[in-house]
Amino acid sequence: MEPRKDLLDIASLSMEEIEFVLKTAGPFKELFTKSIKKVPPLRGKTVLTLFYEPSTRTRSSFEIAAKRVSADVTNFTVSSSSVVKGESILDTIDTLQAMKCDYVVVRHGAAGVPNMISKHTKASVVNAGDGFHAHPTQALLDAFTLRETFGDLVGKKILIVGDILHSRVARSVSQICEKLGMEIGVLGPGSLIPRARPEFMQKFYTYDEALAWRPDAIYLLRVQLERQNDQFFPSLNEYHKIYGLTDERFRQVEGEGTWVMHPGPVNRGVELGDDVMTYERTLINQQVENGIAVRMAVLYWLQPETN
Amino acid sequence: MSNGAYILRNGQLAQEDTPELLGADLFIEKGLLKAVGPNLPAVDGVTEIDCVSRVIMPGLFDAHVHLREPGREDKESILTGSEAAINGGVTGIVAMPNCTPAIDSAGMVQSVLDIASREARIPVYTTGCITKGRLGKELADIGGMHARGAVMITDDGDPVGNHQVLRRAMEYAREFDLIVASHCEVKELSGTGAMNEGEVSYRLGVPGIPAASEEICISRDIRLAQLTGAHVHIQHVTSGEGMRTIERFKEDGIKVTCEVSPHHLFFNETHIGDYDTHYKMNPPLRRVEDNAILLDGLKRGVFDIIATDHAPHTDFEKQLDFGSAPFGITGLETALPTLYQNFIKTEMFGWDLLVKRYSAEPRRLLKMEPVEFKEGAKVDLTVFNPDRESVFTKEFMRSKSRNTPFLDQTVQGHVEMVILGEDVLLDRLQK
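Protein sequences, first through last, are from chains A and B. Yeah, the first sequence ends on 319 if you go by my numbering, and it's all consecutive. Yeah, the second sequence ends on 435 if you go by my numbering, and it's all consecutive.
Incorrect hints may appear among the rest.
20 Å max Cα-Cα, derived DMTMM-like pairs, lysine to aspartate or glutamate [claimed, not checked]:
| hint | chain 1 | residue 1 | chain 2 | residue 2 |
| --- | --- | --- | --- | --- |
| 1 | B | K378 | B | E142 |
| 2 | A | K131 | B | D280 |
| 3 | A | K134 | B | D278 |
| 4 | A | K131 | B | E203 |
| 5 | A | K17 | B | D278 |
| 6 | B | K378 | B | D412 |
| 7 | A | K131 | B | D427 |
| 8 | B | K322 | A | D103 |
| 9 | A | K131 | B | E20 |
| 10 | A | K215 | B | E203 |
| 11 | A | K169 | A | E268 |
| 12 | B | K191 | A | D242 |
| 13 | A | K131 | B | D319 |
| 14 | B | K322 | A | D106 |
| 15 | B | K38 | B | E379 |
| 16 | B | K382 | B | E20 |
| 17 | A | K191 | B | D280 |
For each label pair, taking beta carbons as the anchor points, the in silico distance ranges come out as [what the hints assert, rightly or not]:
| hint | chain 1 | residue 1 | chain 2 | residue 2 | range |
| --- | --- | --- | --- | --- | --- |
| 18 | B | G75 | A | M13 | 49 to 55 Å |
| 19 | A | Y217 | B | H167 | 33 to 39 Å |
| 20 | A | P15 | B | R304 | 49 to 55 Å |
| 21 | A | K50 | B | D278 | 18 to 24 Å |
| 22 | A | D103 | B | G305 | 35 to 41 Å |
| 23 | A | M289 | B | H275 | 43 to 49 Å |
| 24 | B | H275 | A | S247 | 36 to 42 Å |
| 25 | B | G27 | A | Q109 | 54 to 60 Å |
These are calculated hints, taken from the structure and not from any lab test. Since the model is a prediction, treat every value here as computed from it, not as a measurement. Beta carbons: idealized from backbone N, C-alpha and C, even for Gly.
Turn these sequences into a full structure, and let the hints steer you where they fit.
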């Protein structure tokens, strides 16, 4: 396996690399049951989180992961008001370069920013979400969670529900599931399912039709409430009725033993009803826990050029 | 050349009406073509310039360039833009009016032409806006701008969104026989899009601009030309479907002309690769198959002219993320060698097409005489060496900006001389 400097997306990863991360994350997760959860591989290294979009959960997950592999962590918050349309990104990179950080965890509202940063720094760049483009650690943690649940994933079916068009999670998750041999179904409002989508996405028109396909797992995407003004669908109420995992649909899902996933945070009453939150086959909390183990594995795997 | 008389010996003349190059000598005296033909006799005291294996063509004419003056002289100026033109073998250019402030009044037109007459060594023409401030609401000073010499009206960079405003502009401009040039885009459909909408934009996660955004506007503009009898010129066509619409209406005899830009022939959405902002322009690069459709349209004469849409931007701006970087690519200095390398050298089309579409027809479109190699004519020519390479380094280029994927690339063919009247504007002939 060639050393890799950056984790920018899922598409460019080899199977060997994906397997390495998933395999490495296992022992890291076992640490979480111990009283001392910290191991030393990144001792003396500095991880900087650079978030241009607010995200408490993802940043905390990376921060905890970095600390558990003994790295020093600094959070670099770029308030959106001080950044006019990304104008200072290259300047910021120069600053980071001068700080001699070894890993930069980036989140940005525009696609391709981590790619751009990676070209200008010796530090390893970890994409923590860029625009609609990619969210590779989310996909890796979901793959880890699916493996934990199902073992071999070949031939298993996952139904992704919601905003496929604008979702970096949907892009990265569907890519990794495809690489791992799963079948992928998509369901959502017509305005949010791109016509120019990958061929491996099987499109369903109704929830009934999608459930009749008998997915092993349903992956609910978060509805971006701020996109309401763009009129991709008439109302949240209608979304819930047609594309939500309502309490009524949940009973069918429960009967089938289908697993439910969500990248969080959930909008109750939109993507899902209340009942599903207490369902024993809802993997949302495992996803969060596994996120830390997988991000530890990612930091362990990547090779910065700062040495 | 001190007495203003010289002979360009053994050149190969490129002309619009024949694909064959014509071996001939050009006897030039005091900026006029005194004799044209093979084996002209040497004359005592007349300098001989050996142009063997060089292609000599009429000076090129680019009817769509952005000179950024006034307002963004950090990107380009009338001086540097016109020098860039000379560097590319172009001896006439038409400036777009999307400056700051916009060229939307007789005074602004006069001001641009005044600067041009002082600073540019080639004729620089200007367009004027259709609407005040390019805001799409009130008609600009169309009659006044026309009187000062504006050669077209356009809100280039933006469409006129309001159908009624555009209709009135067309009716009004028609009376002056003034062309209404149209940047075709439905803004509501383009939204925050930064590239063609399709599989590639989905994969990159970049908001897309559907081809329909351009196609709908092309249809609308031509239908309004049909309604009003005005001459509409569709700028920078990118989509095969849009081109077919134009072709059909042309067959119906509607007064519509159109242009294609070299970058839309060379490049497509796949070139964006890893978010390379050099390939971000509006209208955007479309699908792979559109390259071939547009080239076919150029060969069949659907496109009246080639125009570069030379759109300079600073390095700093082009180093922004893909979504935030401005739209545009420079073209004046690279068009001739790159068209040669991609299409003439490969025999996709001949020199006649290049001369017709990038020299003669643009001048005819603006009611000017095309340049011809005939005795008594004013000299206006470009000497091109197909056997010599061009390397588009920062030092080579005279534009203030270098937002082109050809930066630092080596391309076959080299502009060696540009002569206009008594002035040798460029001379780097390899002896």
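Each hint tested on the structure:
no., hint, verdict
1, B/K378 <-> B/E142, "violated (46 Å)"
2, A/K131 <-> B/D280, "holds (12 Å)"
3, A/K134 <-> B/D278, "holds (18 Å)"
4, A/K131 <-> B/E203, "violated (25 Å)"
5, A/K17 <-> B/D278, "holds (16 Å)"
6, B/K378 <-> B/D412, "violated (38 Å)"
7, A/K131 <-> B/D427, "violated (46 Å)"
8, B/K322 <-> A/D103, "holds (14 Å)"
9, A/K131 <-> B/E20, "violated (47 Å)"
10, A/K215 <-> B/E203, "holds (16 Å)"
11, A/K169 <-> A/E268, "holds (13 Å)"
12, B/K191 <-> A/D242, "holds (14 Å)"
13, A/K131 <-> B/D319, "holds (16 Å)"
14, B/K322 <-> A/D106, "holds (17 Å)"
15, B/K38 <-> B/E379, "holds (5 Å)"
16, B/K382 <-> B/E20, "holds (18 Å)"
17, A/K191 <-> B/D280, "violated (27 Å)"
18, B/G75 <-> A/M13: 49 to 55 Å, "holds (53 Å)"
19, A/Y217 <-> B/H167: 33 to 39 Å, "holds (36 Å)"
20, A/P15 <-> B/R304: 49 to 55 Å, "holds (53 Å)"
21, A/K50 <-> B/D278: 18 to 24 Å, "violated (36 Å)"
22, A/D103 <-> B/G305: 35 to 41 Å, "violated (50 Å)"
23, A/M289 <-> B/H275: 43 to 49 Å, "holds (47 Å)"
24, B/H275 <-> A/S247: 36 to 42 Å, "holds (41 Å)"
25, B/G27 <-> A/Q109: 54 to 60 Å, "holds (59 Å)"
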